[in-house]
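Participant: Dock chain B against the given chain A, drawing on the hints supplied.
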Amino acid sequence: MSSRRRKIKLIKCIRISLLTISSIIIAFPFYWSIVNSFKPYKEIYSFPPLYIPHDPTLDHYYVISDMAFGKYLLNSIIVGSLTAFLAVLIALLPAYAFSKYKFLFKNAMLLSVILLQLLPQVVFLVPVFKILKNLSLLNSFMGLSISYLPFITPVIVMFLKSYFFSIPKSLEEAAIIDGCSRIGAFIKVILPISIPGIFSSFIYAFLFSWSELMFAMSFLTDPDKQTIPVFLSIFVGQYQTRWGPLFAGSVLATLPAFVLFAILQKYFVSGLTAGALKE
Amino acid sequence: MKKNYGYVFCLPYTVLVLGIAIVLLTYNVIIPMQNGLRIYKDIFLDEMFKQSIVNTLIWTVGSVVGQFFVGMGIALLLNSSEKYMWIFRILLIIIPWATPDIVAGVTWKWMYNDMYGVINDILVRIHIIKDYMPWLGTPSLAKLALIIANIWKGYPISAMFYLAGLQTIDQQLYEAAEVDGANWWQRFVKITLPMLSPITITTLMLTTIWTINYFPLIYIMTGGGPSGGTETLVTLIYKTSFKFLNLSKAAAMSNILFIIILMIAFLFLKASDRIQGVR
Numbered sequence: 002m003s004s005r006r007r008k009i010k011l012i013k014c015i016r017i018s019l020l021t022i023s024s025i026i027i028a029f030p031f032y033w034s035i036v037n038s039f040k041p042y043k044e045i046y047s048f049p050p051l052y053i054p055h056d057p058t059l060d061h062y063y064v065i066s067d068m069a070f071g072k073y074l075l076n077s078i079i080v081g082s083l084t085a086f087l088a089v090l091i092a093l094l095p096a097y098a099f100s101k102y103k104f105l106f107k108n109a110m111l112l113s114v115i116l117l118q119l120l121p122q123v124v125f126l127v128p129v130f131k132i133l134k135n136l137s138l139l140n141s142f143m144g145l146s147i148s149y150l151p152f153i154t155p156v157i158v159m160f161l162k163s164y165f166f167s168i169p170k171s172l173e174e175a176a177i178i179d180g181c182s183r184i185g186a187f188i189k190v191i192l193p194i195s196i197p198g199i200f201s202s203f204i205y206a207f208l209f210s211w212s213e214l215m216f217a218m219s220f221l222t223d224p225d226k227q228t229i230p231v232f233l234s235i236f237v238g239q240y241q242t243r244w245g246p247l248f249a250g251s252v253l254a255t256l257p258a259f260v261l262f263a264i265l266q267k268y269f270v271s272g273l274t275a276g277a278l279k280e
Numbered sequence: 531m532k533k534n535y536g537y538v539f540c541l542p543y544t545v546l547v548l549g550i551a552i553v554l555l556t557y558n559v560i561i562p563m564q565n566g567l568r569i570y571k572d573i574f575l576d577e578m579f580k581q582s583i584v585n586t587l588i589w590t591v592g593s594v595v596g597q598f599f600v601g602m603g604i605a606l607l608l609n610s611s612e613k614y615m616w617i618f619r620i621l622l623i624i625i626p627w628a629t630p631d632i633v634a635g636v637t638w639k640w641m642y643n644d645m646y647g648v649i650n651d652i653l654v655r656i657h658i659i660k661d662y663m664p665w666l667g668t669p670s671l672a673k674l675a676l677i678i679a680n681i682w683k684g685y686p687i688s689a690m691f692y693l694a695g696l697q698t699i700d701q702q703l704y705e706a707a708e709v710d711g712a713n714w715w716q717r718f719v720k721i722t723l724p725m726l727s728p729i730t731i732t733t734l735m736l737t738t739i740w741t742i743n744y745f746p747l748i749y750i751m752t753g754g755g756p757s758g759g760t761e762t763l764v765t766l767i768y769k770t771s772f773k774f775l776n777l778s779k780a781a782a783m784s785n786i787l788f789i790i791i792l793m794i795a796f797l798f799l800k801a802s803d804r805i806q807g808v809r
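Taken in sequence, the protein lines are chains A and B.
So in this note's numbering the end of the first sequence lands on 280, straight run, no missing numbers.
So in this note's numbering the end of the second sequence lands on 809, straight run, no missing numbers.
Here chain A stands alone, though its shape is the one from the complex (with noise of 0.2 Å):
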């Protein structure tokens, strides 16, 4: 039993390492914007390059909130919430009929539904631009959020369909059995052990929205509305890009994803831990 015990322990010391080391890896880059939103210009273009700025400034900080970055963040929350929680709201029916019963036509309708992932979103830019026009919904955080929909909606009816799939027969059966209804059995019995499928879905809904761009710039062009990524394209310039505020803007902009996600992660866990499957 001690040499299970021992393995048990090397397991896990090689999987902290592997761990430690790929996050090293992969954070290095932000590790980098937040170096470099504390030096000044001086040392941003110093050679060979600072690992430690010298001289830390909170400069570039100043610029950001001077310039209300504050407006920008809510108003990137305010889509990103809204979004959301109609792309979750919406597409959790469908991927759960899609997953659990056969009908006619189930492959065709599928197929339609992820049509539009096919193109580039650039290629729709101008009918959408028209079209929200039309519904006088241009330079509204509802008319941006609708906007998105159509393009992240397939996307999670597609993961929650795979997700909702790999959760046993058996147990929505048991339900039944036990007297719920259809209905009852999605709601009691599937739906909690989704969760971490669903808050998948919500995190993906979210951040889609918090970094794109395009849409962003083109249907909120009232400078109130406007959200981060826009904000922060006016420090990129096609021949000179102003480093330090763009650093400490994408710093800042970082954040409320990690805060969003450090309260939401046990969501993350739960699920299947909780034993469901042990019959």
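Among the hints, erroneous ones may be present.
As the list claims (entries may be wrong) - Okay, derived cross-link-like pairs now, DSSO-like style, lysine-lysine, Cα gap no bigger than 27 Å in a straight line:
#1 673/B with 613/B
#2 101/A with 13/A
#3 13/A with 720/B
#4 613/B with 639/B
#5 720/B with 8/A
#6 43/A with 639/B
#7 580/B with 720/B
#8 189/A with 170/A
#9 10/A with 613/B
#10 613/B with 8/A
#11 107/A with 800/B
#12 773/B with 170/A
#13 613/B with 13/A
#14 10/A with 720/B
#15 580/B with 769/B
#16 673/B with 131/A
#17 639/B with 773/B
#18 720/B with 170/A
#19 769/B with 134/A
#20 673/B with 639/B
#21 800/B with 673/B
#22 773/B with 131/A
#23 101/A with 673/B
#24 773/B with 134/A
#25 800/B with 103/A
#26 101/A with 170/A
The hints are simulated quantities; they were obtained by calculation from the structure and are not laboratory data.
Facilitator: Just chain B, lined up with the frame of chain A:
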């Protein structure tokens, strides 16, 4: 009874998305019509178009394969209910994902800078390269540099999907296999991979389509250069419509792109059917 629910849940959503897709796609088919079919012949004779097809292929295969291996590897490492895992989840998944495209693009561009770039500095320090390399300066290096940046930006979605899928696998299967004397590799090949296959095929399909259609990184980091070395179909479409203002040629090219991606999606859906039929 069973059949009804499938339609009740799926039909309204499908009809809505299909309606939007038809409106948007029709717009795209009609514009190039004004010039007749000759425009398609011109496109196929265009050298830049041919090169962009090859570039798209390299960019897509490189990115998708990279995102699969990195995503799967990270998901396996993260698949544990230990308390400290949340910090690794944030470092490994949320950092690249929550970084807006524009920020990722300029940060990588700065890191690849041949003079002040940190990547050259690190690689020289650890003796992987002897001299500073012009990462974004030659067509083949620029392709490699872009693919690495894109793997970094895109793999978290794959990792998240795989991780959510891993959570649905019944731990008892592993325990049983361990009792039978299966080592970790056998358990991975005989249990994990087959159980994950529905999610894997969906993820591969989506990442393939996304990668073909994704252009902010390319646009920000190289703008399609040097000498067209990183020009993909989508950057070409973008330039044709918004820089050269040739809307009908751009629409015609996007119709060709549409057909290509439709075939890819169809193959993936067929494969996904086969896998789900087996189980």
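Participant: Need the list of violated hint numbers for this structure, in ascending order.
Facilitator: 1, 2, 4, 7, 12, 16, 21 and 23
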